[in-house]
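Protein sequence lines, in the order shown, are assigned to chains A, B, C and D.
Going left to right, the first sequence walks through residues 1193 to 1454 as our numbering numbers them.
Going left to right, the second sequence walks through residues 1193 to 1454 as our numbering numbers them.
Going left to right, the third sequence walks through residues 1193 to 1454 as our numbering numbers them.
Going left to right, the fourth sequence walks through residues 1193 to 1454 as our numbering numbers them.
Any given hint could be a false lead.
A pair counts as met if it fits within one copy or between any two copies, since identical chains are not told apart.
No farther apart than 20 Å at their CA atoms in a straight line, the calculated lysine to any residue pairs in the SDA-like style are these [unchecked claim]:
hint, residue 1, residue 2
1, 1387, 1402
2, 1404, 1382
3, 1387, 1445
4, 1404, 1301
5, 1404, 1373
6, 1375, 1401
7, 1387, 1262
8, 1375, 1395
9, 1387, 1196
10, 1387, 1377
11, 1404, 1330
12, 1375, 1288
13, 1404, 1328
14, 1375, 1398
15, 1375, 1386
16, 1387, 1215
17, 1404, 1287
Hints listed in this document are in silico derivations from the structure and should not be mistaken for laboratory results.
There are 4 protein chains.
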Amino acid sequence: MHHALTSFTAPFTASGRAALVPPPPWHYAGWLCNVAVSCDTANSPSVVPSGLGRLTGAGCVHFADWQATTDGRELLDPVYAQYRETIIIVEIERPDGTLANFCPFIWVDQDISLMRGLLQGWPKKFGSTFLTRSLPIEHAAAAPLRAGTRLGASLCVKDRRLVEAELALTGNPGRPLGFLANKTIGTVGWPDLAKAGQPPHLRWLLPDIQDKVTSDWHEATAEIRVLDHPVEELSLLGDVQAQAASVGWIGITINGVRELAG
Amino acid sequence: MHHALTSFTAPFTASGRAALVPPPPWHYAGWLCNVAVSCDTANSPSVVPSGLGRLTGAGCVHFADWQATTDGRELLDPVYAQYRETIIIVEIERPDGTLANFCPFIWVDQDISLMRGLLQGWPKKFGSTFLTRSLPIEHAAAAPLRAGTRLGASLCVKDRRLVEAELALTGNPGRPLGFLANKTIGTVGWPDLAKAGQPPHLRWLLPDIQDKVTSDWHEATAEIRVLDHPVEELSLLGDVQAQAASVGWIGITINGVRELAG
Amino acid sequence: MHHALTSFTAPFTASGRAALVPPPPWHYAGWLCNVAVSCDTANSPSVVPSGLGRLTGAGCVHFADWQATTDGRELLDPVYAQYRETIIIVEIERPDGTLANFCPFIWVDQDISLMRGLLQGWPKKFGSTFLTRSLPIEHAAAAPLRAGTRLGASLCVKDRRLVEAELALTGNPGRPLGFLANKTIGTVGWPDLAKAGQPPHLRWLLPDIQDKVTSDWHEATAEIRVLDHPVEELSLLGDVQAQAASVGWIGITINGVRELAG
Amino acid sequence: MHHALTSFTAPFTASGRAALVPPPPWHYAGWLCNVAVSCDTANSPSVVPSGLGRLTGAGCVHFADWQATTDGRELLDPVYAQYRETIIIVEIERPDGTLANFCPFIWVDQDISLMRGLLQGWPKKFGSTFLTRSLPIEHAAAAPLRAGTRLGASLCVKDRRLVEAELALTGNPGRPLGFLANKTIGTVGWPDLAKAGQPPHLRWLLPDIQDKVTSDWHEATAEIRVLDHPVEELSLLGDVQAQAASVGWIGITINGVRELAG
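In isolation and in its complexed conformation, chain A is listed as follows (with noise of 0.2 Å):
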């Protein structure tokens, strides 16, 4: 069946102008505080795909406040370029005792971010994400980056509080963490409708990275505390204790994928 609808994603039109998500390459600038846990194990069969390796008890919850952009008209139009979300990080071991992370879990509230997170395999639903912003003036209410600033984060998925943090800021420099620190492996599946029972094909995705920069990274204590939820399975997890904590801002470029040999 012949056709001319090459919109990269629906809605499919000639132009594409419409698409919900436009190619890449993607352009991402964002604040983060960045919240490096420890996390049970006991439970990794039922988050980590056995073939792709197994919790080691490491991992990192970031808050994050983006601007992303194609071309730059997002920008002009920045209902198009911002959104929040929580993205959380598991270490995992790979088959071959390599390191590497991986994300089971992460939430966002735009639409065209949880679709193009998809596409990379962040498996993105919806949440209402807070983060405190540092802003450059020295004010009560600027949390400016120096020792003592106190800042604070939280997600809330679907009308309940899911995680929350608090950070102090120690003055002294940070380390990036999570996904900042090592590559992170990502997961694509689509059920298809028309194949009942048939749970999606998973693939693995590493993404291509164009371009990476970083403001410093601040170094910060912090409390992190994970609630109950009846739905969302972050409770995998078990007891999530915060180990290291930074803030900062990154510019990053993501030009596509590469799927990991299964």
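Take the given structure of chain A and dock chains B, C and D to it, following the hints.
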């Protein structure tokens, strides 16, 4: 590669509890304002895949206020059940001369419905829909089902109003319109980021409707207005004029889909 | 100082067209889930002004899905008409021994209703309310009005769930409960920023109800749960237990208020 | 009548913990895009109280992305701290010939800020504001503070876009504009529902600013567009044209207000 993460959709866990969308059957019930419209056919090849058919110049705009559930649990926690959407239906003539419906554009306000729709071939993006409800009491704010009652409906996409309609009930019986009156063909396709430059392979689906009930439909006169939008492509339908309208309630259960031969 | 900017509320312009709230009459119609509750009376002086009365230990939680209009225009542009709210009603014994209702807490999701409520003495803040709707069709997602139908309702304030309820219809006639069954005293007071340290002068109001119609009420059994919250003070009511429940539709018109003698 | 429910605003409890707004001091810090504009003066009496002054034809549109806190607690739970708003400022000539700012219209997206603003004389209603942020990294999505960077801003009120602006940084130092450059007179008035037909008594206030810090301001060129709206009255300012623009950060603390002599 072996694994047992059989979630129907992301995120992928052993139990599937957190999956954004559980597998069908999906039960929907809602209040609908239906505005049958005429539209231009000049841009047919830009809206309808050429192999699938061509615009006849008839169509329908549905404003819908839904509840959806799988096994009933969503009705006990209705943040999971309720959403609103605006559905654009165009009538097409198939290559074999038969008539069918096709959905080029649709906007919804909930993540679950977004994904469930995409799997069925409804090309959903986010938008904000409002529609007056008719309540079964005689009061100035209740819009009761009788001659003279006036109702409104609107769609806003990315902070810009895109469609608005006004209806006035005539007191006469109405007709099912749009997707209520004929089968609607859906379009599914997912781009593969690992294959740069390749548009998604599109497939056409017909829903497997298991159960369908409606209230009486109530006739209305209507005016509808499509506004300019820098991203959305509803303008491909040219001059859109209301031809008929009805309001009422429908319940429908979707069990799956079957694929149209290509 | 002379001026002719006679808007009923801000913003103040000559025409008053943009005023957040136009003057009464205000017509409301909505779908309500009412859960009569028992509560503790120990904190009565912290919730009810001492001169006004004291808690009896009875009360009601209403989940409401409203349409409101002035002259009908809001029903043609329903983004102006529709909102949802959760209303806490406590029964109080007045100093003269009579019983009345009092509203210590209420949360709504629309600015117009927030202000209109504050003017009448409903102490509104923002919150997200969901409640299952009953549609007049027999379908798995329609929650029809018959024995065995189950419905849910919830309130979330600042990204934390605060109240959730489950109801099951008994098939028997129900009763009007809470503010549907007795007059409700409102509290109005505005702090004056020009007078530092002075709490607002509180006044008590009774609504002037011009028109009230209801559907039949339908009896339900119910369970209700109040969750901890770091800011909200619903916990002042102690252990809240469902005692009775009903669902149905109401239309009401408010013409103004009259002040209770202090 | 005695009572000890001394909340600053509703709801009124003994502790005041749940009050929508705690008493000042209020600390604000935010990122601002400021577009100085020219406007028509023909409708001055419809926008500015006649005793207060008259339009000079100068003004400013501010798009602001704020954090606000009282004692720091909101920065640890930022759903309480963060909001965005669009502020319309007009310059007026007072009866004594001096110049001042006046705010006829303002739209915000958070209940706390709505009420805190109304108490100070900012006539707030709800609206959705977006503005591009400048992040301190050199990246395609970061809109860094240097010549050539382009930013956008928009306001949507009740699902209709009302204002949109585009800015381009020149690389030159910028100036404080609008409310950043001169004192701004606020208008407070609350209708009394017990007194039908009586418009609210309006009072004029000047803020008591305790602490004010800014970053450098960065100059921009700008274009701004005001769109038609069936309810909002920004059209009273006639043809609005950008004259100058700047971006930067400000921190400000409000301690209270003083009343202008009538």
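Against the structure, the hints come out as follows:
no.	hint	result
1	1387 x 1402	between (37 Å within a copy, 16 Å between copies)
2	1404 x 1382	neither (29 Å within a copy, 27 Å between copies)
3	1387 x 1445	between (36 Å within a copy, 17 Å between copies)
4	1404 x 1301	neither (24 Å within a copy, 33 Å between copies)
5	1404 x 1373	within (12 Å within a copy, 39 Å between copies)
6	1375 x 1401	within (10 Å within a copy, 44 Å between copies)
7	1387 x 1262	between (35 Å within a copy, 18 Å between copies)
8	1375 x 1395	within (16 Å within a copy, 34 Å between copies)
9	1387 x 1196	between (27 Å within a copy, 18 Å between copies)
10	1387 x 1377	between (27 Å within a copy, 17 Å between copies)
11	1404 x 1330	between (29 Å within a copy, 10 Å between copies)
12	1375 x 1288	within (15 Å within a copy, 52 Å between copies)
13	1404 x 1328	between (22 Å within a copy, 14 Å between copies)
14	1375 x 1398	within (7 Å within a copy, 40 Å between copies)
15	1375 x 1386	between (35 Å within a copy, 17 Å between copies)
16	1387 x 1215	between (28 Å within a copy, 11 Å between copies)
17	1404 x 1287	neither (28 Å within a copy, 50 Å between copies)
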